[in-house]
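Protein chains in written order, with the working numbering: chain A, 1 to 237; chain B, 1 to 237.
Source of the hints: derived by calculation from the structure; they are not laboratory data. Since we're looking at a predicted model, the values are computed, not measured. Possibly wrong hints are sitting among the right ones.
Same chains, same names: a pair is fine if it fits in one copy or spans any two.
As the list claims (entries may be wrong) - In silico lysine to any residue, SDA-like type, Cα no more than 20 angstroms apart, as pairs: (1) K90 <-> L71; (2) K52 <-> R84; (3) K90 <-> A133; (4) K90 <-> L51; (5) K90 <-> E47; (6) K52 <-> E128; (7) K90 <-> E128; (8) K90 <-> Q21; (9) K90 <-> T232; (10) K90 <-> A80; (11) K52 <-> E148; (12) K52 <-> S134; (13) K52 <-> H95; (14) K52 <-> D150; (15) K52 <-> V94; (16) K90 <-> W11; (17) K52 <-> S129; (18) K90 <-> E25; (19) K90 <-> R23; (20) K90 <-> R132; (21) K52 <-> Q152; (22) K52 <-> A133; (23) K52 <-> G210; (24) K90 <-> G75.
Number of protein chains: 2
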Amino acid sequence: MVGFDADDTLWRSEDFFEEAQDRYEDIVGRYIDLSDSTAREQLYGIETANLKVFGYGVKSMTLSMIEAAVLLTEGRIDGADVHRIVQIGKDMLVHPVELLDGVTEAVEEVARRFPVVLITKGDLIHQESKVRASGLSSTFSRIEIVSEKDPQTYTRVLRELEVEPGQFVMVGNSVRSDITPVLTLGGWGVHIPYHLTWQHEVQAEPPSDGDLPRMRTLASMRELPETLTALTDSSPA
Amino acid sequence: MVGFDADDTLWRSEDFFEEAQDRYEDIVGRYIDLSDSTAREQLYGIETANLKVFGYGVKSMTLSMIEAAVLLTEGRIDGADVHRIVQIGKDMLVHPVELLDGVTEAVEEVARRFPVVLITKGDLIHQESKVRASGLSSTFSRIEIVSEKDPQTYTRVLRELEVEPGQFVMVGNSVRSDITPVLTLGGWGVHIPYHLTWQHEVQAEPPSDGDLPRMRTLASMRELPETLTALTDSSPA
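Take these sequences, add in the hints, and give me the full structure.
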């Protein structure tokens, strides 16, 4: 079985988060000097603290931006600008899906040979609407939207899918969320880096040396079908 | 198989949404006269429109409250009050779980006789943390957090659970979300009304007359084990 991550693996996502961040800084930058690194650190700190309560996704980001805007401006942010920040979140939630190069062909080719599932985190409603808009929803036998991608979550999902870790390959752009936890369980990982990485995903536990033989790194999704063929040939099962 | 709804079926939820609404009205009521029914209608209208983009749950509610506060006060709401509204959302997300009367005993008794699953909508991270805090997570063989409870969603979930609708009973407080869609598919419904119903759940499609023989209404979760025994005896399978 092959599992696919969604954001920045199948379609663009981090680009839109960065655009949102730029719009946010334009708004808050009219009140305070954001070139001051303390202000940026404070925003990052508020986001990090809020992830535990709000979880991942656009709504969480929007609420953190609003809270940080109030704190950074010491309450001076006006209602119209608060509304502009809410609108940043709405715009992201309805933004058209932009599939990455070669994704449709690669996923469909893989799906002809293996059961394929989508495993992603983020806002439930946002991820579901992106899957629908991608045209790929019928290709995936199962779509799992989870709150955290750690070994416990993968253990539960693989148990529900009735697949052994050694028979499972996860494909994704995040070493922290898509690769290391699956390798830890004895599964396989195909890392396809994206040109942007969310700051909260950067601090990754690297795979341990013993797990590296079960990891591949590709430059593009186009290389995936061939890589899976090679993995299947080399796998003991 | 028996499916349970979560909010206002296993634990209190709408009470906290009403408390949140009261706190919100205290804040906004300092700027405008909320006894004016137009103001309340405007808030309800903004919430309804935003449900399509933001989905269900506390984060969605909080963002709608912020947006409505800006619009209702014509931008006069100050930063400290915006922050208070963010805090309403945070407080709800970390509020201790309060199980309803008799729930633990009833669910555990049912789980000894049938596979039991939890099917709920709302914020992924919030529902997961409530399930953990409830002490019931190991009782449920599966926890499905969905973005909408309509016949399509139940069809998908029952297919994934490999159970026929005629062998499935859904237990919940909402006719709209828990009972009618399951009856429509040929399943069974046990309605346990809660003393409060969220305004957005009130406009329910009532079950059709032909489906009523597969519906029961109980005053309390305590009556559930006995009711399921009677249903099993009367069911053709």
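Structure-based check of all given hints:
no. : hint         : verdict
1   : K90 <-> L71  : between (22 angstroms within a copy, 16 angstroms between copies)
2   : K52 <-> R84  : between (25 angstroms within a copy, 19 angstroms between copies)
3   : K90 <-> A133 : within (17 angstroms within a copy, 31 angstroms between copies)
4   : K90 <-> L51  : both (19 angstroms within a copy, 11 angstroms between copies)
5   : K90 <-> E47  : both (18 angstroms within a copy, 13 angstroms between copies)
6   : K52 <-> E128 : between (22 angstroms within a copy, 12 angstroms between copies)
7   : K90 <-> E128 : within (15 angstroms within a copy, 25 angstroms between copies)
8   : K90 <-> Q21  : within (14 angstroms within a copy, 22 angstroms between copies)
9   : K90 <-> T232 : neither (43 angstroms within a copy, 47 angstroms between copies)
10  : K90 <-> A80  : within (15 angstroms within a copy, 23 angstroms between copies)
11  : K52 <-> E148 : within (11 angstroms within a copy, 24 angstroms between copies)
12  : K52 <-> S134 : between (29 angstroms within a copy, 19 angstroms between copies)
13  : K52 <-> H95  : between (26 angstroms within a copy, 14 angstroms between copies)
14  : K52 <-> D150 : within (14 angstroms within a copy, 30 angstroms between copies)
15  : K52 <-> V94  : between (25 angstroms within a copy, 10 angstroms between copies)
16  : K90 <-> W11  : within (18 angstroms within a copy, 31 angstroms between copies)
17  : K52 <-> S129 : between (24 angstroms within a copy, 11 angstroms between copies)
18  : K90 <-> E25  : within (17 angstroms within a copy, 24 angstroms between copies)
19  : K90 <-> R23  : within (13 angstroms within a copy, 25 angstroms between copies)
20  : K90 <-> R132 : within (18 angstroms within a copy, 30 angstroms between copies)
21  : K52 <-> Q152 : within (17 angstroms within a copy, 32 angstroms between copies)
22  : K52 <-> A133 : between (29 angstroms within a copy, 15 angstroms between copies)
23  : K52 <-> G210 : neither (31 angstroms within a copy, 47 angstroms between copies)
24  : K90 <-> G75  : between (23 angstroms within a copy, 19 angstroms between copies)
Of the numbered hints listed earlier, those contradicted by the structure are 9 and 23.
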